[in-house]
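**Q** If you're matching positions, the sequence shown starts at 1 in the UniProt record's numbering and goes up one per residue.
Just so you know, these hints were derived from the structure itself, not from any lab. Quick caveat, the model's predicted, so the values are computed rather than measured. Built from N, CA and C at the ideal position, the CB exists for glycine as well. Incorrect hints may appear among the rest.
Derived lysine-lysine pairs resembling DSS-like cross-links, with alpha carbons at most 30 Å apart [stated by the list, open to error]: (1) Lys-21 <-> Lys-104; (2) Lys-187 <-> Lys-241; (3) Lys-270 <-> Lys-241.
Per label pair, the in silico range of CB-to-CB distance [said to hold, decoys possible]: (4) Gln-239 <-> Ser-172: 23 to 29 Å; (5) His-34 <-> Cys-277: 36 to 42 Å; (6) Ser-172 <-> Glu-267: 20 to 26 Å.
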Amino acid sequence: MNILTFDIEEWFHLLDNPSTKTEQDWNRYECRIHHNVDRIFRLLDDTHCRATFFCLGWVARKYPDVIRRIDAAGYDVATHSDLHQLVFEQSPMECRADLERSIKSLQDVTGKKIRYYRAPGFSVKEQNRWIFPLLVELGIEIDCSMFPAQRAHGGDTTFGIAEPCYIDVNGSLLKEFPINTVKLLGKDLIFSGGGYFRLFPYPMIQNFMRHSSYVMTYFHPRDFDPAQPMVPGLSRLRQFKSYYGLNGCWEKLKHLLLDYDFIDLTEANKQINWSDCRIQRFQLTS
Numbered sequence: 001m002n003i004l005t006f007d008i009e010e011w012f013h014l015l016d017n018p019s020t021k022t023e024q025d026w027n028r029y030e031c032r033i034h035h036n037v038d039r040i041f042r043l044l045d046d047t048h049c050r051a052t053f054f055c056l057g058w059v060a061r062k063y064p065d066v067i068r069r070i071d072a073a074g075y076d077v078a079t080h081s082d083l084h085q086l087v088f089e090q091s092p093m094e095c096r097a098d099l100e101r102s103i104k105s106l107q108d109v110t111g112k113k114i115r116y117y118r119a120p121g122f123s124v125k126e127q128n129r130w131i132f133p134l135l136v137e138l139g140i141e142i143d144c145s146m147f148p149a150q151r152a153h154g155g156d157t158t159f160g161i162a163e164p165c166y167i168d169v170n171g172s173l174l175k176e177f178p179i180n181t182v183k184l185l186g187k188d189l190i191f192s193g194g195g196y197f198r199l200f201p202y203p204m205i206q207n208f209m210r211h212s213s214y215v216m217t218y219f220h221p222r223d224f225d226p227a228q229p230m231v232p233g234l235s236r237l238r239q240f241k242s243y244y245g246l247n248g249c250w251e252k253l254k255h256l257l258l259d260y261d262f263i264d265l266t267e268a269n270k271q272i273n274w275s276d277c278r279i280q281r282f283q284l285t286s
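All chains should be modelled from the sequences, with the hints used to inform the complete structure.
**A** Pasting the structure below:
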């Protein structure tokens, strides 16, 4: 099962960087989202692929036409938060307010219930699992935030499951589609999205795909935009992580969609026999 998803945010929505932290900061940067999303639409049409789009509430208010186009094309519209902040830096109250605003903004544009969520930067760690009761309270049915490997802006190596599962949320079951991992030299690696996809040569990605029965992709419009400016204030390491591989990533994506079959999250949810899935249990408080 290969699932295709895109996180719809602007090229400057980089996490943990002072010059791109707030809405006021974002007003200083040019808009590139329309051109980049247009290319994604054309590629999906050409390859006859379906995808789920995790969208910022900010995008729904700033560029509602982008969300309308996603919805009008019949793609899933899901929430990627409102203002793209790291969840582990928020209080439960701040996170709730952000999610409520995002869900309302997206539902106001589409007229449809928002049922899926992915945290910015997969920023759900052991310390902020309080988000799961919040998601259930706000009507989220499927979460795609878990990253069962080490990561600079998130990741939870104690989660222990890299395939679809349930999270027991105080007696309610939340469906979870985590990022998939592969073993390389004894370590769990990610290859199916973002900078990881840009980093690995395509033959390596093909090898990883062949050995993966479940793949959850996550791409951003900026991953395919080599002409984007350099965000100021980035360290050399962050420049490498954010800009390496932009020139070849579009061709990689085209090959991927032609070489393998992909479905969206709604279809994946239908195909899974949930009675066979494992249940992850934690002590949770909201």
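**Q** May I ask which of the numbered hints given earlier this structure violates, with the numbers listed in increasing order?
**A** 3, 4
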